[in-house]
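Q: Listed below, chain by chain, are the residues.
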Amino acid sequence: MSWLVASGANGEPWWISLIEAVIVINLVLFGFAYLTLIERKVMGRMQLRYGPNRAGPYGLLQPIADLVKLIRKESFFPAEAVDVLYIFSPFLAAFTALTTFSVIPWGPGWVIAGYQVNGYVADVPIALLLVFALGSLGIYGFIVGGWASDSKYSLLGSMRTCAQLVSYEVALALSVLGVVLMAGSLSLVDVVAAQNAEVWYVIPQFVGFVVFLLAGTAETSRAPFDLPEAEQELVAGYHTEYGGMRFGLYSMSEYINLITLSGLAVTLFLGGWHGPWLPGPVWFLLKLAVLLFLFIWMRTTLPRLRYDQLMRFGWKVLLPVATLNAVVTAFLVVAL
Amino acid sequence: MQPFGTLKGFGVTFKHIFKQPITQQYPEFKRPVYPRFRGRHRLHRHANGLEKCVGCSLCAAACPADCIRVVADENTAEHRVSAGERYARIYEINLSRCIFCGYCELACPFDAITLGNEFELSEYSRDDLIYTKDMLLAEPIKRVPVQDPDLYDTPIPAYKSSS
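As you go down the protein sequences, you meet chains H and A in turn.
Per this note's numbering, the very first residue in the first sequence carries number 1; after that it's consecutive.
Per this note's numbering, the very first residue in the second sequence carries number 1001; after that it's consecutive.
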């Protein structure tokens, strides 16, 4: 029976990690499904509409209806598309989006029936690098998918995605540098522990937090930075030629990227799962919900930027601010 | 100041969450149509029960979409349908072609055909959209909402009551 208790990270048996992974993936997928509903509802209320309210009470079955519709749709295929890449790209995008969530801690860890259960799926020493690496890998899904479908709109959309994501990734990575310097670790579990010991990093790293949120909005290509899929100009951007569940996978990866990004912001700046009275996962979900609401709120409020404004904002505002923040933090960390 | 203007926008959108939506929830709440609204056609009768239509086909001639088909026949003493010499033995309107322009109404010398108020004309088959004389003469079918009207009704839009 030694294989049952054979321990991986922090004395957690490997099969518990597996169960945790399945649960977390399903929770994230569930969260994605209902995030679409909540987004449509909240946007509706902000625009004096009701949002979906027909499928089930208060429209609660709308995500399921959408899913059934997407799955039942014909998987059409542009005649000139590059088959393998066209089919493979949505999977790549969805896979990387789902994987990223595994390193985000959501609880303190418990001992249940003598077994150690960690509050995260994986504690990688370079978790933050892993997140950015997987995010960059996921961009290939968008770029290759848009190119492989052989449509001008798709190609333009994927080129915009490419340019925008590459530009803003620099600012995004630099904005978290301050947190890494203060915590002295790239592991997200350590970052959360360090915040519990000192103070939530949103206070000393407020500039970093703001830059992270803005660059993150651009990274997930949401309004006001939704140029890669600007409907008025590009039909739908890189997924113009996708339909059915393949489109569903792209949509899923975008929303899950948003959830992951919010989770990352919670972990890095808002103290992770720490909070008084309530158990860890509840606090994590609460903070996550607040951030997701902020993103939806931003989407309803702000109009889309022009492309040159986007580039200027990324390179001339966010990047210098993030760099300055990192440099000043480095000096202060060394001095104090 | 530009950044403060942006923040003000956030305030506006947040405030609107708590307002009553102005959506009129259609199948339950049907907005009354205007008096001159041009909906589905109706054929009319005289007070004594005879049809007003005399089968002159002027409506079919006026129709730009060519969706009206009239086949006239002679009235006889034992089979009198309309007030005139002839009557429409067949009167069909293909509503999948009709553009609701109302020219048939204008062309009719006896006011036998008018455009009514019915606009809920969906059918599962195109054949069902060819309205025959009996259907055009009959009272229109009342369409009822499929769900509880109390759940979805919005009689007075909030924008009219608040500002």
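Keep in mind that a hint or two might mislead.
[To be verified] Within a straight-line C-alpha distance of at most 25 Å, the following computed DMTMM-like cross-link-like pairs (lysine to aspartate or glutamate) qualify:
1. A/Lys1052 - A/Asp1111
2. A/Lys1052 - A/Glu1118
3. A/Lys1015 - H/Glu74
4. A/Lys1008 - H/Glu74
5. A/Lys1052 - A/Glu1105
6. H/Lys73 - A/Glu1123
7. A/Lys1142 - A/Glu1120
8. H/Lys152 - H/Asp226
9. A/Lys1008 - H/Asp226
10. H/Lys73 - H/Asp83
11. H/Lys69 - A/Glu1123
12. A/Lys1030 - A/Glu1139
13. A/Lys1030 - A/Glu1118
14. A/Lys1052 - A/Glu1074
15. H/Lys152 - H/Glu39
16. H/Lys69 - H/Asp83
17. A/Lys1019 - H/Glu39
18. A/Lys1133 - A/Asp1066
Source of the hints: derived by calculation from the structure; they are not laboratory data.
Note that the coordinates shown come from a computational prediction; the quantities given were computed from them, not determined experimentally.
Q: None of the hints should be skipped; say for each whether it holds.
A: These are the hints, each one checked on the structure:
no. : hint                  : in the structure
1   : A/Lys1052 - A/Asp1111 : holds (7 Å)
2   : A/Lys1052 - A/Glu1118 : holds (21 Å)
3   : A/Lys1015 - H/Glu74   : violated (42 Å)
4   : A/Lys1008 - H/Glu74   : violated (45 Å)
5   : A/Lys1052 - A/Glu1105 : holds (13 Å)
6   : H/Lys73 - A/Glu1123   : holds (23 Å)
7   : A/Lys1142 - A/Glu1120 : holds (10 Å)
8   : H/Lys152 - H/Asp226   : holds (18 Å)
9   : A/Lys1008 - H/Asp226  : holds (21 Å)
10  : H/Lys73 - H/Asp83     : holds (19 Å)
11  : H/Lys69 - A/Glu1123   : holds (22 Å)
12  : A/Lys1030 - A/Glu1139 : holds (19 Å)
13  : A/Lys1030 - A/Glu1118 : holds (11 Å)
14  : A/Lys1052 - A/Glu1074 : holds (14 Å)
15  : H/Lys152 - H/Glu39    : violated (30 Å)
16  : H/Lys69 - H/Asp83     : holds (24 Å)
17  : A/Lys1019 - H/Glu39   : holds (17 Å)
18  : A/Lys1133 - A/Asp1066 : holds (17 Å)
Consistency with the previously given hints fails for numbers 3, 4 and 15, ordered from lowest to highest.
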